[in-house]
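Novice: Chain by chain, the residues run as shown.
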Amino acid sequence: MRSDQPFFLWRHLNKLRWVSLSVVFAMLVLLPYLHVYQTYVAAHAYDLLAPSERQVYGVMETLTQPFVGDPAEDLDAIKGNTWSGTFWGLKLSDPLAAFGQMAAGLTIYWPFWLTALIPIALTVVFGRFFCGWICPATFIYELNSNFASWLRWAGIKIGNRHFDKRIKYGVLALGLILSAATGSVLIAAIYPPAIIGREIYYAIAIGGFGAGMMFFIGTLLFDLLVARRGFCRYLCPGGALYSLLGRYRLLRIRRIVETCNDCAKCNAVCEFDLDPLRDGFGQECNNCTACIAICPTNALTFAIRPTDYPAQGPGHLGRRYRSEHAAGDESAAEHREAA
Amino acid sequence: MKRRSFLKALGMGAAAMMSPGSAHAARNRPPLRYLRPPGALEEADFLARCINCGQCGEACPNRCIKYFSIENGLASIDTPYITPREKACILCMKCGEVCPTGAIKPIPRETEAIVEGVKMGHAEVDKGLCLSYQGKTCGVCYRACPLPDVAIRVGRLEQPHVLDKCVGCGLCERSCIQMPHAIRIVPRHG
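Chains A and B, in that order, give the protein sequences.
Just so we're aligned, residue 934 is where the first sequence starts under this note's numbering, counting upward by one.
Just so we're aligned, residue 1066 is where the second sequence starts under this note's numbering, counting upward by one.
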């Protein structure tokens, strides 16, 4: 075996990614319930609760009792969602929120910008990782995309159109311009992770989905009927911003040309329609590691460099490379065919 | 209705629907009466600041903060509001603490700071509806007020008099036993 074999754990990062997505999503469901429980506690209302409300009270009490003394105060430690949240006093916000608010007010409000600083720094290093590892909408979109492949397997025709990936940069620019024109952060209304965070909270704590859910269902149908992961690939303003911020990201995926056999499974599995087979990762790769996980010859690994490797040509285990080099190296080719 | 006047009204209605002014007519419907959470900036600044994250609602121990869908126009989609008659603000000031953008200012939970900083609206009494002004001693609004004798005081027969320092939390409107309520908050944003 070769010395530049990728570290064995990289193949399993995709599972870790699903754990991360599930935990974020579960938190978004849990937090509104915790909030409702807090309000029951604050009102000293247990005796007046309906049976279903008592059930919520009981479950949440069981879950939190080991960790908190006074639920009404201590459970305030984690609030919010991925759009903007508070973690033990540390406020973190989505960079798109910072840019959207800057556009809406046409001023920079520094205390808020500081909350977006950590996510921006992480994006500069790890690229569009938010899209693959944290985004609560990605969790649903990927399940939706699995559902689409079941439908395809069952013989139902599913849309698989391709558009220009640069459309989303236009959506980002248009969203910021509209935010500036209306003086309100309108971009939050077309950004799925912000919508999901809010709508789960509305549904659980306020008692019904809002208008954002209609938009989100629309994007799900668009993904299902028109283009696979169409919203993320072609339309998402947040994805556009993250792609721009992560253009010169340090951590990127690299193809090891010596062990690649041109099977193209990486291209098939890539949710963002990128081209790992020809070293075409670009700024839109979100380091989701699905291609690393599926590669049958362990030919994909991480590299630390600010730009992609230039195209390395066909993989050395592939048919094309072998036929091109067979004339010059017949004995080696025969050796490989025998093996 | 005569057939001619009916046709005339129909024609005018159709003309109104077709004309570009019809959008304006739709905007002329009576505006919603709602309050912004305590410490919120002026309406235009508030809309520019608020990123619709929903943390103020999640912090509210009274669950009085609700969120607009599109019923109040696109600019205020997903922004927080309070309908005092349904559930009023208890001035706990937690929403200002969690607001990441300063759209709701952080204000300490002390009487002076609240009187100084919170301007949600101002209570007004409808003397035609108020029981105390009808000769039946009530005084519920005064007892519900978190700032008694600062924001509201009572005279003869517990007749309420709202003072200038009223912050507009809406607890008086919430508690008024008359239907429709005899005391209501006029929101500051108008």
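Possibly wrong hints are sitting among the right ones.
Listing some non-contacts, in silico: residues in chain B with all C-beta distances to chain A over 10 Å [unchecked claim]:
(1) ALA1124
(2) LYS1131
(3) LEU1156
(4) ARG1174
(5) LYS1184
(6) GLY1200
(7) GLY1204
Restraint-style ranges between C-beta atoms, simulated for each label pair [stated by the list, open to error]:
(8) LYS1201(B) <-> ILE1041(A): 54 to 60 Å
(9) VAL1251(B) <-> THR1115(A): 33 to 39 Å
(10) ILE1150(A) <-> LYS1170(B): 35 to 41 Å
(11) TRP1083(A) <-> HIS1254(B): 47 to 53 Å
(12) TRP951(A) <-> HIS1254(B): 28 to 34 Å
(13) LYS1170(B) <-> THR1115(A): 21 to 27 Å
(14) ALA1010(A) <-> PRO1213(B): 32 to 38 Å
(15) GLN1243(B) <-> ASN1079(A): 54 to 60 Å
Here are some chain A residues pointing at chain B (derived, C-beta under 8 Å) [claimed, not checked]:
(16) LYS948
(17) THR1019
(18) TRP1021
(19) TYR1042
(20) TYR1134
(21) GLY1143
(22) ALA1144
It should be emphasised that the hints constitute simulated quantities derived from the structure, not laboratory data.
We put the beta carbon where it would ideally sit given N, CA and C, even for glycine.
Novice: When you look at the beta carbon of LEU1156(B), is every beta carbon of chain A farther off than 10 Å?
Specialist: Per Cβ check, LEU1156(B) is outside 10 Å of chain A; nearest 14 Å; holds.
Novice: With 28 to 34 Å as the target window, see if TRP951(A) and HIS1254(B) comply at their CB atoms.
Specialist: Check failed, 45 Å falls outside 28 to 34 Å.
Novice: GLY1143(A) was flagged as interface toward chain B. Is the shortest Cβ-Cβ separation under 8 Å?
Specialist: Result: holds, 4 Å to nearest chain B Cβ.
Novice: Take the C-beta atom of ALA1010(A) and the C-beta atom of PRO1213(B), compute their distance, and say whether it sits inside 32 to 38 Å.
Specialist: 34 Å, holds
Novice: Does TRP1021(A) pass the interface check with chain B, least Cβ-Cβ distance below 8 Å?
Specialist: Interface hint status for TRP1021(A): violated (13 Å vs cutoff 8 Å).
Novice: Given TYR1134(A) as an interface hint, is the shortest Cβ-Cβ distance to chain B below 8 Å?
Specialist: Because about 5 Å separates TYR1134(A) from the closest Cβ in chain B, which is inside the 8 Å limit, the hint holds.
Novice: Beyond 10 Å on every Cβ pair: is that true for ARG1174(B) relative to chain A?
Specialist: Per Cβ check, ARG1174(B) is outside 10 Å of chain A; nearest 13 Å; holds.
Novice: Does the beta carbon distance between ILE1150(A) and LYS1170(B) stay inside 35 to 41 Å, or does it fall outside?
Specialist: 36 Å, holds
Novice: Verify this label for me: GLY1200(B) is non-interface relative to chain A, using a Cβ-Cβ cutoff of 10 Å.
Specialist: 35 Å, holds
Novice: Is it the case that LYS1131(B) keeps its Cβ farther than 10 Å from each residue Cβ in chain A?
Specialist: It is violated; LYS1131(B) is separated from chain A by about 6 Å at its closest Cβ, not greater than 10 Å.
Novice: Holds or violated: the 54 to 60 Å window for the beta-carbon distance between GLN1243(B) and ASN1079(A)?
Specialist: The hint (54 to 60 Å, Cβ to Cβ) holds, given that GLN1243(B) and ASN1079(A) are roughly 58 Å apart.
Novice: For LYS1170(B) and THR1115(A), compare the CB-CB distance with the range 21 to 27 Å and indicate the outcome.
Specialist: 23 Å, holds
Of the numbered hints given earlier, the model fails hints 1, 2, 9, 12, 16, 18; all others are met.
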